[in-house]
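S.K.: Read top to bottom, the protein sequences are chains E and P. Using our numbering, the letters of the first sequence correspond one by one to residues 1 to 259. Using our numbering, the letters of the second sequence correspond one by one to residues 1001 to 1317.
Careful, some of the hints might be misleading.
[Unchecked claim] Residues from chain P that face chain E, not an exhaustive set, calculated with beta carbons under 10 Å:
#1 Ala1068
#2 Asn1070
#3 Val1073
#4 Glu1190
#5 Gln1194
#6 Leu1198
#7 Ala1205
Quick caveat, the hints were computed from the structure, so don't treat them as lab data. As the structure is a computational prediction, the values presented were derived from the model and not from experiment. For every residue, glycine included, the Cβ atom is placed at its ideal position computed from N, Cα and C.
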Amino acid sequence: MAKSIDISDLDIYYGDFLAVQGVNMTIRARSVTAFIGPSGCGKSTFLRSLNRMHEVIPGARVEGKVVVDGQSLYDPGVDPVEVRRQIGMVFQRPNPFPTMSIYENVLAGNRLNSKKMKKAEADDIVERSLRGANLWTEVKDRLSKPGMGLSGGQQQRLCIARAIAVEPQVLLMDEPCSALDPISTAAIEDLIHELKSDYTIVIVTHNMQQAARVSDETGFFNLKATGEPGHLVEFNSTQKMFANPDDPSTEAYISGRFG
Amino acid sequence: MPPTTAPDAPSAAPVVAPTGVRRPGDLVFAGLARAAGLLILVALAGVAIFLTLEGVPAITAPSERIGADNIVVYVWPLLFGTLLAATLAILVAAPLSIALALVISHYAPRRLARPIGYLIDLLAAVPSVVYGLWGIQFLAPKVYPVYQWLVDNLGWLPFFEGPANGRSILTASLVLAIMAMPIITAICREIFAQTPTLHQEAALALGATRWEMIRMTVFPYSRSGMISAVMLGLGRALGETMAVAMVLSATGVITFNLISSVNPSTIAANIALGFPEASGVKVNVLIFSGLVLFVVTFVVNFLARLIAARGAVKGGR
């Protein structure tokens, strides 16, 4: 079910403002791809353009091509709702639905497909997703409790469980650990390693050690200058990016000599 | 996603003054706030005491002075009319207002949503006399053919027995509905717009359509606020005087026939129409009906709070 993503000449706008310019890359299936770069360089914006969440913001639009499994996401006939069902997303801050129980939170996406589920089938999906998110043993005795009652790290894993419950082709993660403590972060990173075998994972992170730890390939985004659009500076295997990058500005950023 | 900073980060340090230090600013403000709170209680108690003291003589008043066998027989049709008109009004106004608020907060493009919002707010500023005039001069003749049709086709229902008349309780309720709409819409719109983006995006990212997103996040989040908004609208409909007094052709009976010229009056309209000619015990009778309205509004508000509190979303932000 994991799919690769081909991006060509992607320009991303907020109204008239060009936020990200001319991105070309291929994200491999069943691998972890990380985006790093300074704040405001457009990596989150770019990530959100991969499942058409970008256009949720009024005035936001995209030019160029994003192709998943031969299907261009931005073709006029493509329904963004369908795209988002195929490409799941985990956000910076954990966002379980406050009125729903843990159980219902996991099933939220499946319920949207509105087909009637048998109780046994639903139970099965909940257990499989929570096991997949390494949360099952912690919550199996309190599935009917509200999702908001969990700790931040558990909530984030609940959100991951919710995202993988619908068995997406790709999982996008927008700084999934930035609101979490180091232990929860480690738990999520372990999880990313395990999920890699089934999903294509794209992760935005501010933490370069995290990018080095979890990813197979890394893209470095930067601004040409203040007020200029962000662009992809370099895209290489993580090993090469952190040991011997092609671009001098990548090395400057990674080694902390930025500017 | 725009970079969100933790909103509670910088406010941690200087909130609590060191114990023992009484700053004059704090003292003054605390005093002002306490005085304002007490003033409201005093005003409310004053109204309640006045209504009770002045209303009690009506209980023992002779029946020829009341204009009915006793005070209960006199007030009951009025109370019935009040509740019927207000309920009908809310049945019409609540769904419309919620839909309208959703259009403004989630569906219409921003360029369009703002002017629509202003327009709705403007409706709230129109005096009720104007609504009354509009109801009697414009709406009543316009709805007459509709009522006629209802009598001809659905006349077997007790609600539409007829004979059709434009100045019926249904017309009054429609006017009330239009009057209650701005306040319900305005409050709902504000609450809908406050639904955390985080939750809305969570739903959208799962592949929810806009309507599914609204059902998953906006409605649960806004539930208690929506109830409060509807109750405020109900409060306005219960207490509205002028528009009902002008539109309604009231005869003081209890009937569910919604479209005839024979209608129950409402408490507020009855007071307004009866007060100029009232004297002696009749004044007490009217004040007693006012007390009933006061209690009903109170009960409605308490019920609303109860329902709203039970449905409140904890930790929703």
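S.K.: Identify whether the interface hint at P/Val1073 stands, where standing means a beta carbon of chain E within less than 10 Å of its own.
M.R.: With a minimum Cβ separation of about 47 Å from chain E (threshold 10 Å), the hint on P/Val1073 is violated.
S.K.: Does the interface hint hold: is P/Glu1190 within less than 10 Å of chain E, judged Cβ to Cβ?
M.R.: violated, 18 Å
S.K.: Restraint: P/Asn1070 near chain E, CB-CB cut 10 Å. Satisfied or not?
M.R.: violated, 50 Å
S.K.: Does P/Ala1068 pass the interface check with chain E, least Cβ-Cβ distance below 10 Å?
M.R.: violated, 50 Å
S.K.: Quick check on the hint: P/Leu1198 CB to chain E CB, less than 10 Å?
M.R.: holds, 4 Å
S.K.: Taking the least C-beta to C-beta distance, is P/Gln1194 closer than 10 Å to chain E?
M.R.: violated, 13 Å
S.K.: Given P/Ala1205 as an interface hint, is its Cβ closer than 10 Å to any Cβ of chain E?
M.R.: With Cβ-Cβ at 4 Å, under 10 Å, it holds.
Checked against the numbered hints above, the structure breaks hints 1, 2, 3, 4 and 5 and satisfies the rest.
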